[in-house]
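For the record, the sequence lines run as chains W and C. The opening position of the first sequence corresponds to residue 0 in numbering that gives the first Met the number 0, with each subsequent residue numbered one higher. The opening position of the second sequence corresponds to residue 0 in numbering that gives the first Met the number 0, with each subsequent residue numbered one higher.
Read the hints as simulated data drawn from the structure, not as lab findings. Among the hints, a few may not be true.
[Unchecked claim] With a straight-line cut-off of 20 angstroms between C-alpha atoms, the simulated DMTMM-like cross-links for lysine to aspartate or glutamate are:
| id | chain 1 | residue 1 | chain 2 | residue 2 |
| --- | --- | --- | --- | --- |
| 1 | C | K151 | C | D191 |
| 2 | C | K204 | C | D224 |
| 3 | C | K228 | C | D73 |
| 4 | W | K41 | W | D159 |
| 5 | C | K2 | W | D446 |
| 6 | C | K2 | W | E198 |
[To be verified] Computed from the model, here is a short list of chain C residues facing chain W with C-beta under 10 angstroms:
| id | residue |
| --- | --- |
| 7 | D34 |
| 8 | W178 |
| 9 | E180 |
| 10 | G211 |
Note that the structure is a prediction, hence the values are computed from the model and not measured. Positions of the beta carbon are idealized from the N, C-alpha and C atoms, including for glycine.
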Amino acid sequence: MTQLLSLFTFDRDEPMLFTSGLFWVLFLVFLPVYAMLKSRRKQMMLFVIAFSLFFFYKSSGWFFLLLVATSFIDWWVAQFIESSKNRTERRIALTVSMVLSLSVLLFFKYSNFVLWNWNALIHGNFQPLDLILPVGVSFYTFRTISYVVDVYRGKIQPVDDYVDYLFFLSYFPCLVAGPIVRACDFMPQMRENKPATREMIYGGLFMVMLGIMKKAVFADYIAQYNNIAFGNPTGYTGFELLMAVLGFTMQIYCDFSGYSDMAIGLGSIMGFDLGINFNYPYRSLNVTEFWHRWHITLSTWLRDYVYIPLGGNRKGKVRQHLNLMITMLLGGLWHGAAWTFVVWGAGHGIALCVHKLCKPWLDTIASTRLTRSVSWLLTFSFVAFLWIFFRANSFHAAGQVISGIFTDFEWAYLPVFLARRSTWCLMLAIIYGLHFVPRHIWDKLRDRFIAAPWWLKLVIFIVLIQLVLQFASATVQPFLYSQF
Amino acid sequence: MNKNYWGLWTLLAAALVFFIVLSFWQDGIHLGGLDIKTSTFARDMIKEPAGNRGKVADTLDSEGHVKSWRAPMDTTAKNILFIGDSMLEGLAPRLAAYCDKNGHKLVEVIWYSSSTLCWGQTARLTELINKYHPDYIFVCLGANELYVPDIKKARRPYLKKMLAEIGDIPYVWIGPPNWDEDTGINDMLAHDLAKGCFYLSANDKFERSRDGAHPTRASAHKWMDRVIKWIGAQGAHPIRLDYPGEGIARASRIVIYQPPV
Numbered sequence: 000m001t002q003l004l005s006l007f008t009f010d011r012d013e014p015m016l017f018t019s020g021l022f023w024v025l026f027l028v029f030l031p032v033y034a035m036l037k038s039r040r041k042q043m044m045l046f047v048i049a050f051s052l053f054f055f056y057k058s059s060g061w062f063f064l065l066l067v068a069t070s071f072i073d074w075w076v077a078q079f080i081e082s083s084k085n086r087t088e089r090r091i092a093l094t095v096s097m098v099l100s101l102s103v104l105l106f107f108k109y110s111n112f113v114l115w116n117w118n119a120l121i122h123g124n125f126q127p128l129d130l131i132l133p134v135g136v137s138f139y140t141f142r143t144i145s146y147v148v149d150v151y152r153g154k155i156q157p158v159d160d161y162v163d164y165l166f167f168l169s170y171f172p173c174l175v176a177g178p179i180v181r182a183c184d185f186m187p188q189m190r191e192n193k194p195a196t197r198e199m200i201y202g203g204l205f206m207v208m209l210g211i212m213k214k215a216v217f218a219d220y221i222a223q224y225n226n227i228a229f230g231n232p233t234g235y236t237g238f239e240l241l242m243a244v245l246g247f248t249m250q251i252y253c254d255f256s257g258y259s260d261m262a263i264g265l266g267s268i269m270g271f272d273l274g275i276n277f278n279y280p281y282r283s284l285n286v287t288e289f290w291h292r293w294h295i296t297l298s299t300w301l302r303d304y305v306y307i308p309l310g311g312n313r314k315g316k317v318r319q320h321l322n323l324m325i326t327m328l329l330g331g332l333w334h335g336a337a338w339t340f341v342v343w344g345a346g347h348g349i350a351l352c353v354h355k356l357c358k359p360w361l362d363t364i365a366s367t368r369l370t371r372s373v374s375w376l377l378t379f380s381f382v383a384f385l386w387i388f389f390r391a392n393s394f395h396a397a398g399q400v401i402s403g404i405f406t407d408f409e410w411a412y413l414p415v416f417l418a419r420r421s422t423w424c425l426m427l428a429i430i431y432g433l434h435f436v437p438r439h440i441w442d443k444l445r446d447r448f449i450a451a452p453w454w455l456k457l458v459i460f461i462v463l464i465q466l467v468l469q470f471a472s473a474t475v476q477p478f479l480y481s482q483f
Numbered sequence: 000m001n002k003n004y005w006g007l008w009t010l011l012a013a014a015l016v017f018f019i020v021l022s023f024w025q026d027g028i029h030l031g032g033l034d035i036k037t038s039t040f041a042r043d044m045i046k047e048p049a050g051n052r053g054k055v056a057d058t059l060d061s062e063g064h065v066k067s068w069r070a071p072m073d074t075t076a077k078n079i080l081f082i083g084d085s086m087l088e089g090l091a092p093r094l095a096a097y098c099d100k101n102g103h104k105l106v107e108v109i110w111y112s113s114s115t116l117c118w119g120q121t122a123r124l125t126e127l128i129n130k131y132h133p134d135y136i137f138v139c140l141g142a143n144e145l146y147v148p149d150i151k152k153a154r155r156p157y158l159k160k161m162l163a164e165i166g167d168i169p170y171v172w173i174g175p176p177n178w179d180e181d182t183g184i185n186d187m188l189a190h191d192l193a194k195g196c197f198y199l200s201a202n203d204k205f206e207r208s209r210d211g212a213h214p215t216r217a218s219a220h221k222w223m224d225r226v227i228k229w230i231g232a233q234g235a236h237p238i239r240l241d242y243p244g245e246g247i248a249r250a251s252r253i254v255i256y257q258p259p260v
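The whole structure should be built from the sequences, with the hints applied where relevant.
Dropping the structure here:
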């Protein structure tokens, strides 16, 4: 009994993830109950809320109460904003809500960052705070802010029932690492509560499988070499470091988009369309396009709730570029409380400004295969280069990687590397190859999977899980983005 | 239930049953030349749930309840035996500093270039236990086995023998500081050792000495600090290991064995 109970209590070392066996078992319990309650909206919602909060408890312990408190405050604030006719009162309510939401985020995520920097300034000596970052706090904070702001702007009506709002904010597929689904997209689906079709259910399973493959097969496997090389850059040649950079470029994509695919797939199984979060970002021909394809729900959130309120492009060129830089710097800091993330964000900000400045000239260049290839190569190299700052633990380490690549690079290592790390190279080649498979082929595959007989789906699913087992590393790598 | 949900549920359930059944083959399945790995479902969820793997799980408290996999902090002075390969050169002096600070006695046994094979093929560990009567053991082995092919088949019997020799004595096994991808030593250790008894070093960062493999002394000291911190936070047998400040010390006794021929 004690052993069974331990499965249902929070374990800091083993947070529940979509890829864990326990989630699989619990989902088997969840699914039939959900299916039976689906048509009874209120009961279904209460059941999903209970499951979501339990999921959050398994991931972050008692911090799930923070989510409950945040949801209640913001639900009430939104009601107040809607009912109040006084502009000052509405503004104060909005400010209070944002200060509360952001202070929780800032406290858990940036306290130690601020203390470290303060310490460096005054040459002090302190112990960092022993803080646990509640899983997904960055994501649900952004979702609740967007809801209150949208109500304030009159873009959406607030929900009358608190249960509706708690359902939206705690919805477990989006809880840990997004996508940052907006209330205006989610609430109408919640109200309609349409039954899930066969296409949604098995299309969802297809997405979940794709996500598992990206995360648990590809990302986790190639992470092993990346971790070693980034952990000791001076021990590797320029060629090996370049391979680690290319590896990490794909690792972070597979890791995060894999998680998003699983979340979107689970949403689809439950009858909800959560949109898309990644649209083959490494196919981009310029940095602006990259940000239209990478983490779409975050970049649109930053656009709508930071860039545009700052003035967007409405206050002249200089202000536009300044707004862009501020937005990207904040975006960088959102990813992690370290200066390396700020530099990563700044790099993208500068690139976006440069692209905007050069756009009139770039538009005059004819679009040929050669120009597209050059554009792609420049964009991809730049994005991959900036990932070095994202991955490295310090500027010193990033410098070692960069200097290794530029001062100690020899093609002679290629055959040795291929021979010694043949599986890793094969994996990387497959992922890059799959990334450039046209979308309509993926759609066709998805449709074929949906139409396939039950036993064939089962075989495919089993083969996939076996692949995960075959390539599993000694410890499961956490979702990179769940740490943000 | 909607028939599509029913179809999905049966699919997931059938696959789960399939992998649970396979998981009873704990060492994997060998089909021709293919080594098919199996999951840990059976051990984790049915046979030995919640990380109660290993001997610690089988012990009962005075009221007959199964003990948690994590013992409470033991604040008594310990007789510590630290065995392993050349990595001990960097690790042991730092551990000795912790022992000095906390009143433990440390015996350090370095067997250069050794592996689980060397220790498992001899009775050296039993002899050391009989001689020094440790009530806590540190092991650091695996660095000489990073590239052993088919490692589970080749080394698991020796690992099991070592664990049998350790018996009920609380232990911590410090995994090798990978400088390269291994062929499965860390997988095997993570799988076979009791929960909270294996410190995975593979993902740590090290400054390497000139040979590119051994951490520098300073890096090895930080490595030991991380292990100690981990024992306090996640180890199965936390003991008193208060921070001794910077610096190193010398073990009460140092035994050195030359590399195996």
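Check: Given the proposed pairing of K204/C with D224/C, does the C-alpha separation stay at or below 20 angstroms?
Finding: holds (13 angstroms)
Notebook entry, point to check: Is the hint on E180/C kept, meaning its closest Cβ partner in chain W is under 10 angstroms away?
Noted result: Hint holds; E180/C Cβ to chain W Cβ min 6 angstroms, cut 10 angstroms.
Notebook entry, point to check: Between K228/C and D73/C, does the CA-CA distance stay at or below 20 angstroms?
Noted result: holds (15 angstroms)
Next item on the list: So, G211/C near chain W? Judge it on the closest CB pair being under 10 angstroms.
Entry: At 5 angstroms from the nearest chain W Cβ, G211/C passes the 10 angstroms test, so the hint holds.
Checklist line | Restraint check for K41/W with D159/W, where alpha carbons must lie at most 20 angstroms apart | finding: holds (13 angstroms)
Checklist line | 20 angstroms limit on alpha-carbon distance, applied to hinted pair K2/C and E198/W | finding: Holds, because 13 angstroms separates the two Cα atoms, which is no more than 20 angstroms.
Item checked: Pair hint K151/C and D191/C, alpha-carbon separation not exceeding 20 angstroms -> holds (10 angstroms)
Next item on the list: Verify the interface restraint on W178/C: the C-beta must sit less than 10 angstroms from at least one C-beta of chain W.
Entry: Holds - the Cβ of W178/C comes within 10 angstroms of chain W, reaching about 6 angstroms at its closest.
Check: K2/C and D446/W: Cα distance at most 20 angstroms?
Finding: holds (19 angstroms)
Notebook entry, point to check: At a threshold of 10 angstroms, is the proposed contact between D34/C and chain W supported by beta-carbon distances?
Noted result: With Cβ-Cβ at 9 angstroms, under 10 angstroms, it holds.
Every hint from the earlier list agrees with this structure, and none is contradicted.
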